[in-house]
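With chain R's structure known, arrange chains L and V on it following the hints.
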Amino acid sequence: MLINIYHSKIIKHGLTFLLLLLITSCGDLSSSAQTNNTANYSKNYPASNGGMLIDAMTGEPSGLIAMIAGESAASAIAGNIFNSLLKYDKNLDLIGELAQSWEISTDQKTITFHLKPQLKWADNQPLTSEDVLFTWQKVTDEKTRTPYGSDFKLVVKAEAPDANTFRVTYAVPYAPALDTWAGLHILPKHLLKDQDINTTAFARNPIGSHYYKLERWKNGQYLKLTRNPNATQGQAKIDGLLSRIIPDKASQFLELSADNIDSMGLNPIQYARIFPARPDLNKNIALYKELGNSYTYMGFNLKRKPFDDIRVRQAINYAIDKQEIIDGVLLGLGEPVASPYKPGTRWSNPELKPYPYDPKKAKALLKEAGYEDHDGDGILDKDGKPFSFEILTNQNKEREMTGVLIQRRLKEIGINANIRVLEWASFLGRFIKPKEFDVVVLGWSLSLDPDQYSIWHSSQQAPGQFNFISYNNPQADKLLEAGRIELNPEKRMKIYHEFSKILLNDSPVVYLSAGYGLSAIHKRVRGISNPAPPAGVGHNTYEWYIPKIYARTEINEQ
Amino acid sequence: MINIRRYPLAIIGFIIIASILLLALIAPLIAPYDPNAINVKAILLSPNNSHFMGTDGLGRDVFSRMLYGSRISLMVGFVAVGIATVIGIILGAIAGFYRGWIDTLIMRLVDVMLSIPTFFLILAVIAFLTPSIWNIMIVIGLTSWMGVTRLVRAEFLSLRHREFVLAAQALGAKDMRLIFTHLLPNSLTPIIVSSILGIASAVLVESGLSFLGLGVQAPQASWGNILTDGKEYIQFAWWLSLFPGLAILITVLGYNLLGDGLRDAYNPRSSKN
Amino acid sequence: MLAYLLKRFLWMIPLLIGISLISFFIMHLAPGDITTSEASFNPKASEESRQKLRALYNLDKPVIVQYSLWVKRMATLDFGTSFASHQRPVFWQTKDKDGNITLGMIQEALPITLLINVLSLILIIIVALPLGVISALKQNQLADRSITLFVFIGFAIPGFWLALMLMYWTGVQHTWLPISGLESMGHENMSWLNQTCDTLKHLLLPVSISGLTGLAGISLFVRNGMLDVLHQDYITTARSKGLNETRVIYGHALRNALLPLITIFGLSIPGLIGGSVIAESIFAIPGMGKLFYDAVLMRDFPVIMGILTIGALLTMIGNLIADVAYAWADPRVRRGVIK
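Chains as they are written, first to last, in our numbering: chain R, 1 to 558; chain L, 1 to 273; chain V, 1 to 339.
Honestly, the hints are just simulated from the structure, not real lab data. Honestly, I wouldn't trust all of these hints.
Lysine to any residue pairs mimicking SDA-like chemistry, simulated, CA-CA at most 20 Å apart [said to hold, decoys possible]:
| id | chain 1 | residue 1 | chain 2 | residue 2 |
| --- | --- | --- | --- | --- |
| 1 | R | K397 | L | I133 |
| 2 | R | K501 | R | S458 |
| 3 | R | K397 | L | P219 |
| 4 | V | K95 | R | F202 |
| 5 | R | K224 | V | E188 |
| 6 | R | K224 | V | T199 |
Quick caveat: nothing in here was measured; it's all calculated off a predicted structure.
Extracted from the complex, chain R is given alone in its bound form (with noise of 0.2 Å):
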């Protein structure tokens, strides 16, 4: 007996003990990062500076130049730290950044970018157009290890004639240009050119001009930006941007319920189902939706028999139900798809329509290509083989939903297809690079320049490149090439209608769908244009406030 009280008493204390410790001796932080939960977030308040906002990531930059770390984590940090010579406005048409003017030569082959004047690095060094320059000789050295050279390699001159100028030319007019200078973020030279940029520690310490500068990166758990005070656009009016790190989804869904983040991405359900369901959320957290910049397809392997035959294309793609794809697996959430466009924008054509769902038209394709069921075993067969493949997708929830909605599709048409699911490295490196593939469940992104040359182009299917579904059409080839050198708009439009119709009648990919981002973004930031322009919810970052009532009270011991 006394043994057992003994034990108990050790368990006791040990307990007692480590609660005591952790609870009360640290209680008095409990509540630090908190607001009150109960606030009212109806209210409107004059837009004020101040407040952080936290968002989290699931992966960790590996460094924030942009050209060299290529993932996406990266290029939205850096973002908010580095300016291009222009920008997109909140309706998608170009403006300058750090431009204030630009012109297109005569001949179209030269633009003269004149920088606006005064611009000052967050070190204080003054932003000219020789670091423009430094960053174009960056991104086209051979050996910057970087996927986006080419745009730039095809500039034959680039100059800095004064301070405040930057002309560059390219050997033929070059459609995308002005596109590809919003996209290059441009980099200080005087703490950069004694430096091999693929290695250099500016990455992880970058000093740059846009709205925010790095304080502090934690590794794996945080980075944290604050003001810049020499920001070439103006201040923005949030203090600082904290990024958290969290790998897992559900980890960053519990850290958004709790107001521990301010935003993150949802997922259809959590979208439609979970937030209609819980208006404890509600209150608290706003929703947002934009027609997304990428869409969903289903991509033949061309070299492969019996996709080879366009009129097994089109019956697939006619077997296919993009409606039920878009309800069943976006819960509705999405838009169908023509082309290879953002539908609304100027390069998607109206008058294109997706392949719509005809079962029988696909099995009279079929029948025309020779697939029948001879055997009776409700597979359709040509020569003795059934017809039968494997659709291969890489790890997302949502592709592999598509992916059995469209094997069930299939299966009544009689074609059996297996499902094959891989994990991303693998997928690239064993199937997608050697194409060793059947049919692919992908996404490309929707640009916002037409120029999809790398994309379908018939002399971009090396290993390792973009068209690895050997999409080859010369028809189409002649367009592509068209687009590239064809600088008016209404011109270049046509060349890409055109285009998207080719490439819809060839069906050489099934257009799934273009899903909506889903957002939700703490009430207690204002000044968040809803609905969403064209450029989407994030446009104006700069001008979303956090009022002084709603921020997150900050320690402050020292």
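Using the frame of chain R, we list chains L and V on its own:
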């Protein structure tokens, strides 16, 4: 010989395992739906009369998926442990029977394998070989044989000089005969115990791999990937994570209780009391 | 003792050879060679890093040469720089010509993982010791069975599931504890005491969950060890001498039952260094597990090889210490009576 009433936990474990095995065997007979049948109109239904464990994000019946998933999860456990046990018996028998340099070599190999975190090895190998149910079973098997090897070796070392072995040897029994008819049958109990415990670990490892996206791949259902699918909706669609979570918990518990009970039952120290 | 130490030290050589072989084997497991499966979509960048990789691992040379070069790099602890994260050094910090110090990836991740695992080991001991002893004393009674059931449930529950439920309960429903990460906002402005508190609060859930998983092993070990000892003659003698039961149990039995625990700790070192991939992902903790997992997904071979080797090395050193401690604690081993 053994008074089973003294091991109620082992009995509970046995009943759990038997019923889950039974359910897995008759899954096609009792599953109310096709486990992969999608119903876009029945997404994320909470448990009700027609779907008594609810439906998932594609409107698939969770109960049917759980039943079919049990087959996959248990198969991973059995095959992986089968591989590990075979390797372990062979290496342990060689080491314990012949001793000498080969024993040293095998035991050093065991030490090397034990000094690398097993889960890391599994992760690296599966990622490089691309995840599939066969790769998962093989890799778990190939990285968990060390315990069995040590056990078998120790048993062999202690049995090697027992009279019945020496007698058989004096009568001219060949090595193989000695190993298979005399030594191995007498070391079977600890091997069985460790296999039972091994199955439990393999089921857990599979669920962990699923969490990391390297487990059994969709659309095939395993408890691990049903649970992983449900984790993002843990506050809302609780049924998506509760049922697979409980299934894993109960199964692993069952194997552990049975294994531990058996170990106790055959261990002399318990009977002395 | 010195002879024992020396012998034990020499044993490490074959182990090192084995580890070098296994890590070498894993590197060559990727089909083709390791340069074919790179996680980037870019023809130019990948061609360049392919060449770099080839040069770094001497892939064009015969296998024997490759292996000996790998051993050489292992011996000098030179694991190069990471491919995936802007050339960060894999193991230890480097200084560039301007004096900028870049910390090594393992250098940063290891202390975090060690801290978590040492804390959970302490927690396990605090809880498992009394549970094991009670279990043994109340063998086959209700208390014993409840404890067994409890520790097995702890082992059997899928950790990430429990973690998410606890995070929801303690972090969302109540705001008792932070949900993920290692620090609260404003951590760098706190006083030293509050910083410690803050970190401990962040670690409470991860540590408890990994502790719960490990409870079963240790408490059953203590229980069975106690049972073995309690039936031995010297305990019976002690009892028959009329010694107080408490003294018998704590003075004699427990001490002897605990001795083999040292070996168990030796065996748990790989876990201590390796950390848990799953817990670190869920709780957003940048430890060794997360580092390794990311490296695997990115095919960041220098990091994979570095972690496998450094991890195994530290394990061996840990095992050596455990063995020496055991020898020191148990004179029979020291004198070579038993192995």
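Tested hints:
Using a Cα cut-off of 20 Å, the hinted pair R/K397 and L/I133 holds, with the two alpha carbons roughly 19 Å apart. In summary, the hint linking R/K501 to R/S458 is supported, as the alpha carbons are separated by about 17 Å, within the 20 Å threshold. A threshold of 20 Å between alpha carbons decides the hint, and for R/K397 with L/P219 the separation of about 10 Å falls inside it, so the pair holds. Our distance criterion of 20 Å between C-alpha atoms is met by V/K95 and R/F202, whose separation comes to about 13 Å.
Simply put, R/K224 and V/E188 have alpha-carbon atoms about 12 Å apart, close enough for the 20 Å limit, and the pair holds. Annotation: proposed proximity of R/K224 to V/T199 holds, straight-line Cα distance about 19 Å (limit 20 Å).
Checked against the numbered hints given earlier, the structure satisfies every one of them.
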